[in-house]
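With the sequences and hints as input, model every part of the structure.
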Amino acid sequence: MNSRNALVRRTSGSRGTGETVAASPPGHDPGWWSLSPERARTLLLVAARPTITALAATVLLVLVVILTTGTDLTSAPAAVAATWLAAHQVPLTVGRTTLGLLPLVPTAVLVWLAARECARAVPNRPTPVELGWLTGAVLAGPLLMAAVCLAVTGDAAGVTPLESAGPVAAFGWVLVLYLVAAAAGIGSRAWSSLCALVPIEIPEWAVLGARAARRTVLRMLGCAALATAISFFVHLSRLDGAYRQAHNFTDVLGTTLLSLLYLPNVVIGAAGILSGAAVLFGAGSVGLFGVTGGHMPVLPALIPVPEGPASPWWAALLLVPLGVGVLGGIELGRTSDDRPGAPWATLTCAALSTLTFLALAILGSGQLGAVGWVGVDLLMLVVLMVTWFGFGGFVGMVFARRFLTPAAPTEPAEEYDDYDDTDDYEDDDYFDDEDDYDDEDVDDEDDDPAEYADAAEYDDPAVEVDAELVEDFDDELEVSIAAPGSTDEPADDIVDVEVVESDLPDEDKTPGR
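Going by the working numbering, the sequence shown opens with residue 326, and the numbers climb by one from there.
Just so you know, these hints were derived from the structure itself, not from any lab.
Among the clues, some could well be false.
Claimed, not checked - The following label-pair restraints were derived from C-beta to C-beta distances:
| # | residue 1 | residue 2 | range |
| --- | --- | --- | --- |
| 1 | L469 | V419 | 41 to 47 Å |
| 2 | G619 | W639 | 57 to 63 Å |
| 3 | F496 | H620 | 29 to 35 Å |
| 4 | R727 | G457 | 45 to 51 Å |
| 5 | L703 | V505 | 16 to 22 Å |
| 6 | A676 | G461 | 26 to 32 Å |
| 7 | L585 | G461 | 33 to 39 Å |
| 8 | G395 | A531 | 31 to 37 Å |
| 9 | G395 | A509 | 37 to 43 Å |
| 10 | A521 | T399 | 49 to 55 Å |
Yeah, the Cβ is synthetic: ideal placement off N, Cα and C, and Gly gets one too.
Next up, the structure:
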């Protein structure tokens, strides 16, 4: 063991970086409210950075729209506040028109930014108190900004036609979205610590079912996106009609940008249609078994929506969710070592996948002015998806057990996740800068040369031997050995010699022989 590191280890309150850490007084434990300056700065960045980024992007977007449309700048503060609330799925009212169907792209970006900032601030081995502080920091900034935006829109209600929903809806949506962001950020870095907060022990089949549900949701969304793209190219002839209200380049650009922002809403609706549920457009609906006419907004994003009447082959698309469920069951049947728990894992996968699509359908639905309520039929979505994923999962699981060989698990165990991140070793005493390490070793030799004086004789452990070689091709080879410095004739007899070496210093454990 290196003497420098040993000294650092034995020194109380010292770290390898040279920073002196004040030791806490014996018998005194800091309360949950106490924070170090570094930790307080980190939490402040978690609370402020995503909120400031969202506000800056909102201000820039509103200014671009105002300057391109020639609107008076007096309405800019109210427009910024209303746009920030709309990005968090808070319904708005413009005059007498309620806009509750809001695009999901800004919401997804804001939640991702908050989750990323939270993940970067998670300690290596967090305690429940630290996780509580971090969750509070994630929520503090957005909730404060929501209060400010509500005050601004309420103050400008008499000047502009923009009005936001009540405080319950505003704070509720912000709270739910950023709780999801906090859970995603903490779970990506400290999943075991997050599971430890659950008062009951989580069985292994529940963890396997949750992982399978994540893959099932991604597969279903991928199939829905592929179906949307195919339907878009099939109905490409409607593109001219989708831009009939655009009179100049600015209108075309704005319509295209608005359609791209609503693209996740369309994909979620396509997933509902593939499961057999209908998508409602006020009094009209679109589904695999029938299309009812209704008033639809004119947007390029709605070009993939099929027109009636429904074709008989559309029912074959129900094989898509069934196939996704079968694939999930096959994976569980091959990778699960717990045969009694595999059916429960399949049920967990079906339930969590259905709940995820229910939450996405609620996010992608809402009131759209004179059109009415637009979104997936939620009751039919829940019944059909849990049926396809559950039944298909059991079929796939039984098939995998009977006809397929078990596969080795491909995902690493959760207990090793903490050792994958190289940030855990930044402050380790063993990994200091190489230059500093060499300089200190040289300084130690210069300051105390006697420390290495005893070890100098072991640098070249040579043995001096006097030998006489007699070559005789008729006789055997003879070697005479005499002690160094001796005047006596070497003896012809064989001499047993024992070489005794002293113990080497602790710094070098390699024997000199």
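Okay, the hints, checked on the actual structure:
Separated by about 26 Å at the C-beta atoms, L469 and V419 break the suggested range of 41 to 47 Å. Evaluation of the 57 to 63 Å hint for G619 and W639 yields a failure: the beta carbon distance comes to about 18 Å. At about 33 Å, the beta-carbon gap between F496 and H620 stays in the expected band of 29 to 35 Å. The hint said 45 to 51 Å for the Cβ distance between R727 and G457, and at roughly 48 Å that hint holds.
At about 19 Å, the beta-carbon gap between L703 and V505 stays in the expected band of 16 to 22 Å. Checking the proposed 26 to 32 Å range against A676 and G461 shows it holds: the Cβ atoms sit about 30 Å from each other. Taken as a hint, the range 33 to 39 Å holds for the pair L585 and G461, whose Cβ atoms sit roughly 35 Å apart. For G395 paired with A531, a C-beta distance near 58 Å fails the hint of 31 to 37 Å.
Checking the proposed 37 to 43 Å range against G395 and A509 shows it holds: the Cβ atoms sit about 41 Å from each other. In this structure the supplied range 49 to 55 Å holds for A521 paired with T399, their Cβ-Cβ distance being about 53 Å.
Figure legend: structure checked against the earlier numbered hints; hints not met, in rising order: 1, 2, 8.
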